[in-house]
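Protein chains: 2
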Amino acid sequence: MSKASQEGITVKKAENFDEWYTQVILKSEMADYSPVSGCVVYRPSGYAIWENIQRETDALFKKDGIENTYFPLFIPERLLKKEAEHVEGFAPEVAWVTETGGSKVDERLAVRPTSESLMYEVVGRWIRSWRDLPMRLNQWNNVVRWETKNPTFILRSREFLWNEGHSLFATREEADAERDHIMGIYRRITEEYLALPGYLGKKSKAETFAGAEATFSIEHILPDGKAIQGPDWHSDGQNFSKAFDIAFVDKEGNRQYAWQNTWAISTREIGVMLAVHSDDKGAVVPPRLSAIQVVLVPIVNDESKGAVLREARKLMGKLEGRFRVRLDDRDHLTPGRKFNEWELKGVPLRVEFGPRDLKEGHAVLVRRDTGAKRTVEADSLADEVEGELDAIQADLLARATDALAKNTHEASTLAELKKTMKEKGGIVRVPWCGKAECEEKLKAEAGGKILNVPLDQGTVLGRCAACGEGKAPWAYFGKSY
Amino acid sequence: MSKASQEGITVKKAENFDEWYTQVILKSEMADYSPVSGCVVYRPSGYAIWENIQRETDALFKKDGIENTYFPLFIPERLLKKEAEHVEGFAPEVAWVTETGGSKVDERLAVRPTSESLMYEVVGRWIRSWRDLPMRLNQWNNVVRWETKNPTFILRSREFLWNEGHSLFATREEADAERDHIMGIYRRITEEYLALPGYLGKKSKAETFAGAEATFSIEHILPDGKAIQGPDWHSDGQNFSKAFDIAFVDKEGNRQYAWQNTWAISTREIGVMLAVHSDDKGAVVPPRLSAIQVVLVPIVNDESKGAVLREARKLMGKLEGRFRVRLDDRDHLTPGRKFNEWELKGVPLRVEFGPRDLKEGHAVLVRRDTGAKRTVEADSLADEVEGELDAIQADLLARATDALAKNTHEASTLAELKKTMKEKGGIVRVPWCGKAECEEKLKAEAGGKILNVPLDQGTVLGRCAACGEGKAPWAYFGKSY
Numbered sequence: 059m060s061k062a063s064q065e066g067i068t069v070k071k072a073e074n075f076d077e078w079y080t081q082v083i084l085k086s087e088m089a090d091y092s093p094v095s096g097c098v099v100y101r102p103s104g105y106a107i108w109e110n111i112q113r114e115t116d117a118l119f120k121k122d123g124i125e126n127t128y129f130p131l132f133i134p135e136r137l138l139k140k141e142a143e144h145v146e147g148f149a150p151e152v153a154w155v156t157e158t159g160g161s162k163v164d165e166r167l168a169v170r171p172t173s174e175s176l177m178y179e180v181v182g183r184w185i186r187s188w189r190d191l192p193m194r195l196n197q198w199n200n201v202v203r204w205e206t207k208n209p210t211f212i213l214r215s216r217e218f219l220w221n222e223g224h225s226l227f228a229t230r231e232e233a234d235a236e237r238d239h240i241m242g243i244y245r246r247i248t249e250e251y252l253a254l255p256g257y258l259g260k261k262s263k264a265e266t267f268a269g270a271e272a273t274f275s276i277e278h279i280l281p282d283g284k285a286i287q288g289p290d291w292h293s294d295g296q297n298f299s300k301a302f303d304i305a306f307v308d309k310e311g312n313r314q315y316a317w318q319n320t321w322a323i324s325t326r327e328i329g330v331m332l333a334v335h336s337d338d339k340g341a342v343v344p345p346r347l348s349a350i351q352v353v354l355v356p357i358v359n360d361e362s363k364g365a366v367l368r369e370a371r372k373l374m375g376k377l378e379g380r381f382r383v384r385l386d387d388r389d390h391l392t393p394g395r396k397f398n399e400w401e402l403k404g405v406p407l408r409v410e411f412g413p414r415d416l417k418e419g420h421a422v423l424v425r426r427d428t429g430a431k432r433t434v435e436a437d438s439l440a441d442e443v444e445g446e447l448d449a450i451q452a453d454l455l456a457r458a459t460d461a462l463a464k465n466t467h468e469a470s471t472l473a474e475l476k477k478t479m480k481e482k483g484g485i486v487r488v489p490w491c492g493k494a495e496c497e498e499k500l501k502a503e504a505g506g507k508i509l510n511v512p513l514d515q516g517t518v519l520g521r522c523a524a525c526g527e528g529k530a531p532w533a534y535f536g537k538s539y
Numbered sequence: 059m060s061k062a063s064q065e066g067i068t069v070k071k072a073e074n075f076d077e078w079y080t081q082v083i084l085k086s087e088m089a090d091y092s093p094v095s096g097c098v099v100y101r102p103s104g105y106a107i108w109e110n111i112q113r114e115t116d117a118l119f120k121k122d123g124i125e126n127t128y129f130p131l132f133i134p135e136r137l138l139k140k141e142a143e144h145v146e147g148f149a150p151e152v153a154w155v156t157e158t159g160g161s162k163v164d165e166r167l168a169v170r171p172t173s174e175s176l177m178y179e180v181v182g183r184w185i186r187s188w189r190d191l192p193m194r195l196n197q198w199n200n201v202v203r204w205e206t207k208n209p210t211f212i213l214r215s216r217e218f219l220w221n222e223g224h225s226l227f228a229t230r231e232e233a234d235a236e237r238d239h240i241m242g243i244y245r246r247i248t249e250e251y252l253a254l255p256g257y258l259g260k261k262s263k264a265e266t267f268a269g270a271e272a273t274f275s276i277e278h279i280l281p282d283g284k285a286i287q288g289p290d291w292h293s294d295g296q297n298f299s300k301a302f303d304i305a306f307v308d309k310e311g312n313r314q315y316a317w318q319n320t321w322a323i324s325t326r327e328i329g330v331m332l333a334v335h336s337d338d339k340g341a342v343v344p345p346r347l348s349a350i351q352v353v354l355v356p357i358v359n360d361e362s363k364g365a366v367l368r369e370a371r372k373l374m375g376k377l378e379g380r381f382r383v384r385l386d387d388r389d390h391l392t393p394g395r396k397f398n399e400w401e402l403k404g405v406p407l408r409v410e411f412g413p414r415d416l417k418e419g420h421a422v423l424v425r426r427d428t429g430a431k432r433t434v435e436a437d438s439l440a441d442e443v444e445g446e447l448d449a450i451q452a453d454l455l456a457r458a459t460d461a462l463a464k465n466t467h468e469a470s471t472l473a474e475l476k477k478t479m480k481e482k483g484g485i486v487r488v489p490w491c492g493k494a495e496c497e498e499k500l501k502a503e504a505g506g507k508i509l510n511v512p513l514d515q516g517t518v519l520g521r522c523a524a525c526g527e528g529k530a531p532w533a534y535f536g537k538s539y
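Each protein sequence line maps, in turn, to chains G and L.
Numbering-wise, my numbering comes out as the position in the first sequence, counting from 1, plus 58.
Numbering-wise, my numbering comes out as the position in the second sequence, counting from 1, plus 58.
By construction, these hints were calculated from the structure, which means they are not laboratory data.
Heads up, some of the hints might be wrong.
It does not matter which identical chain is used: a pair holds within one copy or between any two.
[Claimed, not checked] Result set (BS3-like, lysine-lysine): computed pairs, CA atoms no more than 25 Å apart in a straight line:
(1) K482 / K120
(2) K529 / K85
(3) K139 / K477
(4) K309 / K363
(5) K139 / K162
(6) K71 / K501
(7) K140 / K480
(8) K482 / K417
(9) K499 / K309
(10) K537 / K300
(11) K363 / K71
(12) K372 / K85
(13) K372 / K121
(14) K480 / K493
(15) K363 / K162
(16) K120 / K85
With the sequences and hints as input, model every part of the structure.
Structure representation (structure tokens):
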């Protein structure tokens, strides 16, 4: 353990969120700064979270019929330019390779900001007839978007890890039907694993992915009241298939262009998750994703040491098969010091075991999220631990859901929206007719943006807060990362 | 299925290895060319092999105490230059990012050819005392080495996927002791999963990794008689820790530099594996790594169709939990056409099930590797399949081991070496004193290179084939990719 990380968090989450967030990430040893500005180093406990997200998401993808692939990192400039809106959207953020070895390249190579243009140049070759469709491919890889505005630790990094799903269908109907599958998978991963609630909806045209017809997103909220976009799914229609000539012969023998979708979840979620759940003592990580789920800290004195450690190792034997567990039998640290360290690092559950517990056949469970202590029978330790981990996982989601609800407000008019944004912040439900000029007006006057428009509108329709037009659906509005 | 891939391999492995190899990779749909010369697209069945290699290797790494991390893709030029030999070795192959968005960068960024210089700039911060060691980190990522000489499909690609392990120890003894762990893991993966034998030994100084003190490798042989380097492990001594100031306070309170190792296995192995096992009908893949292990092909006529398919689905139920299995119930293809397709794609075992099998309670197993057919009781199908897959896995290794032995020769003198290289090719065991000038002489005169020097020398020591010096250890010599 480095000295720096043994020191606790020195600012309060409620008082200085930005500094608190950075300290939590660094001092919990989840991640570190790198020598390349805007790029993140994921340390073992942070990377383990990504591995767990990846494993669970990938299992759901595979169950849904999606297959993994790998396409090259570099995209020749001419390919990136094939779809006009796509290149326009990404060109300002592209990192270009212009030299290899000692020589200039003939054609600049983009480090992929996303792989549409490279993949679609290739997959067209693999498709002849409707029998080759649907084709649902995925990659887990790294992409680079050289944002100059405000790279933010993990939340907006210049290189990030993600999945990029790319699917091709014979009809628009089949392509559209994929949305609920993919957003259902992301909903499960964000809620059941990351313990992060969010609002699902359709992005405005201005916020739609470059080259897509429609984008659907899950929008999270951070403790500072700002929204942040989570996983998304894009309906590309035939934009790319026409640009890249991805065609097939349908059942009637006619040549048709494929209908395409893309979708992604990224390492950004790790930052959102840590920001939402963590507290003034350090990181708080949902048990299903934590590198270590349980730490067993034996509490010994000179005379009890041998007996306590022997029994602690027996307890470990009961836990090891079922949980990711660590025995902290380091000699040179006091129990209090160990407690602080594991709390800083966000291990969800601590088991304390001392001479009195040994005598009485007990163990003490301490929850990271609430600090609640409970004495349990050592004989039923594994079951008790399982119950406690399940409770922590459920409670983290419940608290985050509660916080999202408390930070979500309503406004019927522009005046109300401005007042709510100024006085309360957070996410505001506001009626918006869907026109771009009204979106611009709300943005300019209320200081925020349309996050998305929920699919499930209920029956209440208002008048557009910008133009007053009737039967306007609700949109989510807020400041956003 | 695209039309091209329905056509079989049109050349013989024994007659035109290079063309045969390319056809096998492309037509089995394992991989494809990409628009970036020298870079590979891994299609689902090829990428699944890498996922399986990764999963098995990673499990052994974790059991050995190695933790996964992720470090950025880009390395600022000044860092790459910190270790002199290292930069000299890699600079000629580096792809450089010189522009981001619309602007020139202040400092060129290397797309990582390997991550020593980036990682070691960071990990030094994480280490204070001997208590922080050993630190054994790994990354599964992509690297770029812009080889201009002869990129070869999968075997030498300009971007490849690999693991890069990086470990730091307090003493040379501990660092050295890691070698048998890592090379033991690689030996298990190559033999027990890839079914690839190889020669383990120490590389000559000329062939040692740039910046390392010593490199140990497993050398495979390809069917054309050329050797190819497989996984490797490097002892870096204190070269990098001194260049990057990675120091710790030892138990006595003295400041010491860490001792470092690195190690890797890459996607190249997939190419070696396919080249070694495949045949004139297409790909042959070891069952433990194959995306699909078993394909069940029902053989139906109009009257039996319903009953055969119903029973085939029941058989699938018995297989699905235990194996990666596919039911090929496509209507528009004849059984013969299906057999050819799955043979081309390298599925290890085919189950045929027709009306007569239904009546008699049988099923027919057909091995991809030998073509051997065997009728088994349908009731015990799953156990029979398991036995057959185990046999295929074992036989592939046995045959490859046999081929390696047959392609390994001995030579005691330079004249013998030249004659053997000319007449037989393959790998030749030859006594070599270890001097660089003798290595150069053997290379220049016999047309090949020192592959490595086996650790287990037995008792036979000869005279150096180049200088005649006595007590020279045996080295493996051969042409190499």
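Evaluated hints:
1. In this assembly of identical chains, the alpha carbons of K482 and K120 never lie at most 25 Å apart, being 43 Å within a copy and 47 Å across copies at closest.
2. Taking the shortest alpha-carbon separations for K529 and K85, neither the intra-copy value of 50 Å nor the inter-copy value of 56 Å comes in at or below 25 Å.
3. Taking the shortest Cα distances, K139 and K477 never come within 25 Å of each other, neither inside one copy (44 Å) nor across copies (56 Å).
4. In this assembly of identical chains, K309 and K363 lie within 25 Å of each other by CA distance solely across copies; the values are 24 Å between and 76 Å within a copy.
5. Proximity of K139 to K162 under the C-alpha cut-off of 25 Å is found in both arrangements, the shortest distances being 20 Å within a copy and 20 Å between copies.
6. Taking CA atoms no more than 25 Å apart as the test, K71 paired with K501 passes in neither setting, with 28 Å inside one copy and 66 Å between copies.
7. In the homo-oligomer, the alpha carbons of K140 and K480 never lie at most 25 Å apart, since the shortest distance is 43 Å inside one protomer and 52 Å across protomers.
8. Proximity of K482 to K417 under the C-alpha cut-off of 25 Å is found in neither arrangement, the shortest distances being 54 Å within a copy and 75 Å between copies.
9. Taking identical chains as interchangeable, the C-alpha atoms of K499 and K309 are never at most 25 Å apart, the minima being 48 Å within one chain and 66 Å between chains.
10. In the homo-oligomer, the alpha carbons of K537 and K300 never lie at most 25 Å apart, since the shortest distance is 36 Å inside one protomer and 48 Å across protomers.
11. Neither within a single protomer nor between protomers do K363 and K71 lie at most 25 Å apart by alpha-carbon distance, with minima of 39 Å and 67 Å respectively.
12. Proximity of K372 to K85 under the C-alpha cut-off of 25 Å is found in neither arrangement, the shortest distances being 32 Å within a copy and 55 Å between copies.
13. Proximity of K372 to K121 under the C-alpha cut-off of 25 Å is restricted to the inter-copy arrangement: shortest distance 20 Å between copies versus 38 Å within a copy.
14. Proximity of K480 and K493 under a CA criterion of 25 Å is satisfied intra-copy only: 24 Å inside one chain copy versus 78 Å between copies.
15. When the C-alpha separation of K363 and K162 is checked against a cutoff of 25 Å, the pair qualifies neither within a copy, at 67 Å, nor between copies, at 63 Å.
16. In this assembly of identical chains, the alpha carbons of K120 and K85 lie at most 25 Å apart only when taken from different copies (24 Å versus 36 Å within one copy).
The structure shown violates the earlier hints numbered 1, 2, 3, 6, 7, 8, 9, 10, 11, 12, 15.
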